[in-house]
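Participant: One-letter residues, chain by chain:
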Amino acid sequence: MTITTLQLCEGAILSYEGILEQSSAGLRQLLKAGEEVIGYIYPHTPLELILAHGLTPSLLRGLPGVSGGFEESLQTFACSYVRNLYSQRTNDQMPSIAGLIFPSNTCDSLHNLSDVWRFRFPDDVVFRLTYPATRHVKDGSIVRYLAKELQLLSDGIEESLDRPFLSENYQRAVSLVGQFREDAQYLYSARVAEPAVLSYTELCRLMRAFLTTPLPAVGLELHNTTSLVHNRIKKMALSSVVTSILKAFKTGHFSQIKKLKSSHRPRIAVAGGMVEPQAIANIITGVRGFIDSILILDLLSFGFKTAFTPPLDVEGDPFEEMAKSILSAPGEPTQEGLGHRMSYLEGLLGPLEVDGLMVFEQSFCDPDEFEAPSIERAASRQGVRTVRIPIDPELSDRSRIEVRIQSFLESFGKT
Amino acid sequence: MTETKKEDKAYRQLESNSLLQQIMFQYMLEGQQASEEKRLAWVTSGFPVEIPVAMGVGVSYPEQYGAVVGSQKVGPEVCGYAEEIGYSQELCSYARASIGSVEKPNASPMDGLPVPQALLACNNICGTVLRWYDAVSEQTGAPVFLLDTPPIEGEQPEHHKEYVRKGIDRLVDFLGTTFHTTLTEKRMREVADLSSRAIKLYNQSLAACKNRPSPLNCADRFLTMAPVVSMRGTDIIIDFYQTLLDEVNSRVKEGIGAIRDEKIRLLWDNIPPWHSIFRFFNGLAKRGVVFPADTYTHAWSGAIETDDLYGSVVSIYSNSYLNKGLEAKIDKMCQLIEDYDLDGFIMFSVRSCKRYSLGQLVSKEIVSERTGVPGVVIEGDMVDSRLYNEAQIQTRVDALLEMFL
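Chains as they are written, first to last, in the working numbering: chain A, 16 to 430; chain B, 3 to 407.
Treat each hint with caution, since some may be false.
Calculated cross-link-like contacts (lysine-lysine; reagent style BS3-like; alpha-carbon spacing at most 25 Å) [what the hints assert, rightly or not]:
#, chain 1, residue 1, chain 2, residue 2
1, A, 249, A, 276
2, A, 153, A, 274
3, A, 339, A, 153
4, A, 273, A, 262
5, A, 163, B, 75
6, B, 163, A, 163
7, B, 202, B, 11
8, A, 262, A, 274
9, B, 163, B, 326
10, A, 163, B, 212
11, B, 11, B, 163
12, A, 273, A, 250
13, A, 273, A, 153
14, A, 339, B, 163
15, A, 250, A, 274
16, A, 262, A, 339
17, A, 320, A, 163
18, A, 339, B, 168
19, A, 265, A, 320
20, A, 153, B, 163
21, A, 153, B, 334
Derived from the structure by calculation, the hints contain no laboratory data. Predicted model only: the values in this text are computed from it and were never measured.
Go ahead and model the full structure; you've got the sequences and the hints to work with.
Facilitator: Dropping the structure here:
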């Protein structure tokens, strides 16, 4: 099977709106069936904890087509993601959820949003999970702190929604989420070895579907795709390459990666924070003359960083294990450790044969906008060209973004 | 003739300002000396500075430097140097001023801050400080130490105290390793005592503004808070705060106000527009508007003085005004309006400062509801005057003042 036919195998690639609609439909079905859903907005929310309470966690995201609604409560310099979420709630565009988990100590906009939300929507059940910003210490204090916060969140959920934490639910959740991550990690690694083995858009769709409705059936679709990709990789004699990439992603040591065989050029990676992987995939596919297999990797919060969060040890204390897992996920710009993050990035650019790096920044997002210049410099040190793309969930500047990306990609020569 | 002119002004200068200038000059020299001796740390305003001071580490405050950049009206230029190397104009202007001045010290006021050997950030004032100091660390090579004090709601829980306490332990280790120094209980107690005395004296001056007329206006408090921010824990500032308190008490005794003809008493919320601080507050002083209280300078309220010295540090620096929720901010505003008998309030929505500013639109409504006094939100920036529309602000303030006529 040639690469071209493999691409065709994916069938009709859904548009961004199509993916959103599909994942929303899944959520609507769930709600119709009487399931209680807890919305979350930060990538490192412990899905296992929510599932252990017999509730379904669902990632609420910034949506295109949301216009206004925040102005009475938030200033225009609140980050675009925060404004979008708030407008969805004001405009009744949010699904009917049992509760909503906000992060704290990640960025000021999200922290203050939860305060504003509580005042404006006093009947909403709002939880807050506070994360440590300290990251690289070995005295156990950050795990203990987060474990206690997770326990308090669990107590709060039980108290507010009368849903106790059940061990059997937790064990099932650990297995389900663990399998999702294992599959997603494989797919990420496989795409680096041979990007045409699965379109980036399809990977995004599968991940989004799971994060919106993390049910066994949804996980199974991802798993089946992984099996298919596994076979394709085997037939291409790329298994050992994929294994070496997977190992490198987990350990951060990229020097042992086996020589890549892909001839597709350019090989583009995407960096950024909580921007939508689907939105990026959609923009790239909209750029004339390029297909999304030029995108070999994203390092986004809802993409790579979610996928490469380590699994839990089901035998250990649940709260401590969840804390350890969250704190071992790839670093976020909301945490300390800029040097570690840049070192990881610089380490992978050469061995993964990255030709160009697109750095997406959510407008008015402190973490994204502070990190971007460092990413540019890190890439430059490795001789990798970069382009910075400001973006908002509404894709309000889409035409200009496409032109900018097109110019960037054309600078490498057409595929 | 000169005296008459002075008396004609709507705003009365503090005599203590000359001493303030001397102290701040000394602070600058000490920073330079510490840098030359390779023992200088840059610190955030909410950092438990008593610890590095007790360990013989010199300190400089980039936020205060940002205020200098703003007041010298070169914010757009210095922030622009940071923008030239990739930092968005949407980011905090204190951070941009700091990064910009490191990039081009010779083109910045005072040739920038002295070069640091370490960067000490405490995120009890905002989350931006970590990312800002990380950026400066890339520029200077100085390592960053983060004292993480996650935001709290209500009472500080035990696990939070333990976590911050561990951070304090690591701070002492970090300073010991970086600067080859140690911390003794005796020295820490001395420094904490000096810090507490300065804060108490300053707070007494603030409290005196409950009187009518108010002996201090907003700009007075913002300027005189500089030593308590930047030189907490040193003995040199005790004299200054005693002198200031004496002057304030004397004004109260003689019925002399900070402004000539006090008619309207308002609360100020947030950092001031440093580039327009005198123009803004003195302009209002001419119309009889005084600001006897503000949420910013009243943040310095904690004194380290219990037997459990480090427990006290943990408690004070975790419970700072900006590290608590919106409810606590609203309570504080209401309390100040009541205690200082204020007629209304102005909230400065600072584009740079999301932690302080996001939520103001909600709190404005609630504070008005609870206290029955009107308020207005004006928007701009504290350092970057490109983000400050004076005419628009004037219109909004005029609308508020009309309500008092």
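Participant: Output the numbers, in ascending order, of every earlier hint that fails for this structure.
Facilitator: As far as the earlier hints go, 2, 5, 7, 10, 11, 13, 21 are violated by this structure, in ascending order.
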